[in-house]
Amino acid sequence: MKLAARHERCSGCRVCQLVCAMHNFLENNPGKSRLKISGEFPVPGRYHVAVCDQCGACAAVCPTGAIVEDDGIAQVVEKDCIGCLACVEACPSGVMMVHPSREAPFKCNNCGKCIELCPREALYDEEKA
Amino acid sequence: MNGYAGKILRIDLTSGKTATEPLRPELARDYLGGRGFAAKTLFEEVPKGVEPFSAENIVVIAAGPLSGLFLPGSGKVTFATKSPATGGYGDSNMGGHFAPEIKYAGYDMIVIKGQATEPVVIVIDDDKVSLVSAAKYWGKGALESEAMLKHDLGEEFQIATIGPAGENLVKFACVSHDFGRQSGRTGVAAVLGWKRVKAIAVRGSQTVPVADPQGVLRKGEEMYKICFSKPGFKEWTPEGTAGVTDWVNEVGAFPTKNFETTYFEHHGNINGRALRERILVTDKGCFGCPIPCGKYSRVSFGSKPTHVEGPEYETIALLGGNCLLDSIEKVAYANYVCDELGLDTISGGNVAAFALECFEKGILTEKQVGRKVSFGDLDSVVYLLEKIARREGVGDLLAEGVKTASEKLGGGSQRFAIQVKGLEWSGYESRYSPSMMLSYMTCDVGAHHNRSWAITHDVAVGRESLEGKADKVIELQHIRPLFDALGICRLQWVEIGFELNHYEEIFPLVTGLNYSWQDLLQISERIWNLTRAFWVREVPGFGRTMEYPPARFMEDPIPTGPAKGKYLPKETLDILLDDYYAKRGWDKNGIPTPEKLKELGLAFAICAVSAAHQG
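Protein chains in written order, with numbering that gives the first Met the number 0: chain E, 0 to 128; chain S, 0 to 614.
No lab work stands behind these hints: they were computed from the structure. Cβ atoms here follow ideal geometry from the backbone N, Cα and C, with glycine treated the same way. Accuracy of the hints is not assured; some may be wrong.
If the Cβ cut is set under 8 Å, some of the chain E residues that face chain S in the computed set are [unchecked claim]: (1) E26; (2) V42; (3) I81.
Taking lysine-lysine and the PhoX-like style, the derived pairs with C-alpha atoms no more than 20 Å apart in a straight line are [stated by the list, open to error]: (4) S:K47 x S:K127; (5) E:K112 x S:K597; (6) S:K127 x S:K112; (7) E:K112 x S:K218; (8) S:K582 x S:K597; (9) S:K16 x S:K127; (10) E:K35 x S:K149; (11) S:K149 x S:K127; (12) S:K587 x S:K597.
So the derived label-pair ranges between C-beta atoms look like this [stated by the list, open to error]: (13) E:M0 x S:R23: 45 to 53 Å; (14) E:N23 x S:G496: 27 to 35 Å; (15) S:E598 x E:N23: 43 to 51 Å; (16) E:G64 x S:T13: 53 to 61 Å; (17) E:M0 x S:Q114: 26 to 34 Å; (18) E:C83 x S:E154: 21 to 29 Å.
Bound-form chain S, shown alone (with noise of 0.2 Å):
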């Protein structure tokens, strides 16, 4: 099959065993890959209702029909399972060089299920596939353990590795991968963890094979060469995405002391020219990619330098503003701390600064925390999130996430556990921003950005205004994720304007499928669909009221800086919802109709979702 490698990979752990079998050519031509293989192989794969934490849940890891080629952007992998944090349809998209050698190695999707009795590690090379004792490796960093594995099967392996807190089975462990490249969100690292997998390592040999050789070679070329003609493409690399720091201040939209505000008055320390004129070492880029937003640099906090990728964006908003870290350097300190634990930096900036107003209030007693912390003190930010990843104390507790440890706690703490069906926010405090706020609202993993980065609109058309919000966040749930389906990265769209179009052109050149973008559009509104049956199937009671996000951004008026005041109340959330559910098919309670799932091929997802709508 062009554009694919052509297999799957299942491991089964409980048993030491793995088998390959062929790709279904339905199963691409439906799903297309990536993400649309996980909602797929999720949905048919685990059954109704079983923990996170078993053997019965799996992990999938897919590259798409665009993963490895001849193109900008052609190095993005899905990490997917239900999720231990919400529950519910958990993935996470890593860049890297780690899909393309996947592909290489023969596979399109690896698929574990079961538990191993001891830690392993997964060697995949080529056709040969072996679980290795991963004792040497087990409670090591997640970058030290990726060095280690470099040295010891070889430096062409490309390898994603679980820290201590993935380990510990953290809700919000990341896979790492690269020495920064992370698979952050939704936990996928702590079911690893708990199946005793310390690391994949992948090396491949094979070529991918294409329809039209010829047609992709010239159109890569021209694909590359546009990039390079776009003004943005000198811009937007110095500084990458932590070029955008700035902006979002500007706009009120800066997570700062726990989302308490929306500015944060030292972000020009922390911002992207902060980054490269202090701390920078040099750029690091994903595979195949021309505009290179990783950033590596180099801080020093005691006895040595430490080295990390970053920080980006979203770990400047969230270990920088949200828990008041002044200066590039902590932010990179913290966020080295968070990448060699193995904990995601958006929510583990976001647990961390919620501990911090937890214990302003009271609400946390340093008998409890075990010493005295503080907003803006990176002294208190490691420790928290050390005692996180080792599950120690207090961090055992916060090791469960904001949205369990507030209905643990109380104290009124639920209304600033800044979560959505218990996922962390991520880098944009959206109360001046309605279709923001909505995206966070309906994304399928939670509250992440990533689906529908729908701020730009909101302060391009008017952000008081509720028209047309829903049509906007809807289109770009569609799109955005589309790239997670096809393996690629976005951002070459999104930061230096490169034409959708091309995606279209080249797709038939690497599948021989004439699909349009019409038709791609409408399989990435087939997987929203079924990851929104996945939700209603595992999640009881499923529906409207969990897409509420916390009191604090309903009730709450922004205190300080440029959206000062303001806050979107319930009810005008409901009219955002409203319009949104009407105009995806769904009903009001946000369930997919019988029809729509009909209408996208999905019928087999009906009975799943039959209950819900009775009730």
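Chain E with its partners taken away, still in its complex shape (with noise of 0.2 Å):
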């Protein structure tokens, strides 16, 4: 699976938001989820999609290895991370997340609840497209 968004089909109503933080942490708390959506109002008036296509930069600049991948996604391991945040910063889509309760960040595990709910279909699997 490769998630991927249609931006223009979004209207920001953070459904995916929503499922992901509750689906990964059960937490009803978009802060704790691992995309992100982003309105440039009011001119133009659109909204943006960040999503995480587990393109590996994450785990190629952790300097302790807690990032590894598995069948094409990238997880942190919790363990092994130092919390020096060189993944945030490498991250092109600014998709790998830290939030004040977690010591480690997280991100995308390609669980796919957010195509699921999304109302728009403007997530998708650009495998299946």
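Hey, can you piece these two chains together into the complex? The hints should help.
Next up, the structure:
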């Protein structure tokens, strides 16, 4: 699976962020989701959805090897993370996430829940499209 | 407390002090949240008889137990105050992303009192609350100042602003958020303006606890997927609320030319299709919404393109039909002007149309207005809106709303000042819709449709009959405002037929409270009676005489269109009111009886209404 976004279809409702945080952390808190929506208002009036395409840039820069790739999905091994945030800086899409309540960054694991719950098919699997 | 952030934030602008206190479990248990919290807090904390523009009056901003959670439409917040438009209970519900952010910041309710010495922005960043100078934003438009604050504070902040209209204490100034969602009605923004609050900015990082997270995940997913499966899911969104324009004309209920008639021949040029095909930029959703009615649009008048969220149906009705603006482009531009000035488009369109009719009839002169104005002319409408927002010339009088303006102007203008209790009428003319008329007459903020959108019931069961109409209005007045107490949007239910039982099922998973739907409806009835008691306490002589619509609706047959010849004489309205009061357990003057208040757990409000009984 390769998560991708059709930005022009996004209405900014953030259901993707809600389900992401609920499914992965069991928390009602879009601040703990692994994708980002930004709106450009009042001009020109559009949304942009930043998603992880599993490019591996985060794993490549991790000095402790705490980000491992398994079947094309990069995941943070929290016990090996030293919190240097090099991965956050390296992420080209800005979706290596941090939250004040978590010590290690976290990222998309390709669970696909955002695709399933997006009301507008703004998120999709590029490999199936 | 599950479903709740758990804290109340209090801000005293006079002292500049802020404080938090734990949310009392009994408040949550008995009033749920949102408008329930607002009603109880206003009743308890606003001293009897205070002026709406005073340090003692408060502004309550309240989310609900379902706000910000993983379920459809969980983005609704209530703004409430003792209304400067009516002198009674005032609240207005707003979508967007404000309610969730308040909860993520750790609060269920914000209570603002006092008055700042200089304009301020209230900045809430989780536990850190500060009052920041608003010097650079004061005087700026509501949309412009939101953009400035996003730039200065950060994009993640959710921001509510007021425009020049709120600063200038216009009685129908609105709160604006997310470049186009508004808490529009009852003049909450004017009270914020008096208190010198230009904006409230919130950012939160915290999780809202729920009783059964797995259960909420499962049920929330199910709720979204059921929404996706509804036939209305794909049909509703393309036009949103604007999609109802044709139907309202077809049933002869469209406000046209200051409610003189109820069918606008150019409605096809200002409807949802015109919006979608000609001016739409993007659909724009509120938080958690699968069926976004927000339509972000662009029109060009003058030197540069103008962007606006809308027009929504109400704006189309009041600025379009009611001012005879005959193209969606003109309506969208007038919508933008209102949004930037921070004027409610419902009251704004209503007041502009009232002024245009006064001018047409010679009650307002060219000298008073400052120029010639006429229905159908965009420049006239924009001119009036700008005068109102700045309280310049005739705008100073019009800024009081049509009730006060007509009382001062005289000349027979009161018969076409279209309002109840001081709040201007929204988008459903009701001379051929008895239950909708009763809904407007008895709505607990003045002439607003959203407590009971009963016109569909009239059309379905027959519009001549009065039988069962009071029952339907009461039923809707409990169901619809319940959503405002829960902090969620009702349009999934209203527009695409999403079933009510799902809310009953997710409520205990969120809160751990095993309330049945009937229990929730009883809370809604409690809130309704408490807001009524507030009116009785605050407005001398409150009762039946304050519920009648203007004479135009009781005496003048509709002159044209599908409802031609229809009107509802006062005697008919009294039959409806008698039935309604009796079924509510109120006396013949519409005052809640002590027995009814006791039954609803409102014994504390009995003394507030007892004087009215004796009188």
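Hint-by-hint comparison with the structure:
{"no.": "1", "hint": "E26", "result": "holds, 4 Å"}
{"no.": "2", "hint": "V42", "result": "holds, 6 Å"}
{"no.": "3", "hint": "I81", "result": "violated, 23 Å"}
{"no.": "4", "hint": "S:K47 x S:K127", "result": "violated, 33 Å"}
{"no.": "5", "hint": "E:K112 x S:K597", "result": "violated, 49 Å"}
{"no.": "6", "hint": "S:K127 x S:K112", "result": "holds, 19 Å"}
{"no.": "7", "hint": "E:K112 x S:K218", "result": "holds, 14 Å"}
{"no.": "8", "hint": "S:K582 x S:K597", "result": "holds, 16 Å"}
{"no.": "9", "hint": "S:K16 x S:K127", "result": "holds, 12 Å"}
{"no.": "10", "hint": "E:K35 x S:K149", "result": "holds, 17 Å"}
{"no.": "11", "hint": "S:K149 x S:K127", "result": "holds, 18 Å"}
{"no.": "12", "hint": "S:K587 x S:K597", "result": "holds, 18 Å"}
{"no.": "13", "hint": "E:M0 x S:R23: 45 to 53 Å", "result": "holds, 48 Å"}
{"no.": "14", "hint": "E:N23 x S:G496: 27 to 35 Å", "result": "holds, 32 Å"}
{"no.": "15", "hint": "S:E598 x E:N23: 43 to 51 Å", "result": "holds, 47 Å"}
{"no.": "16", "hint": "E:G64 x S:T13: 53 to 61 Å", "result": "holds, 58 Å"}
{"no.": "17", "hint": "E:M0 x S:Q114: 26 to 34 Å", "result": "violated, 57 Å"}
{"no.": "18", "hint": "E:C83 x S:E154: 21 to 29 Å", "result": "holds, 26 Å"}
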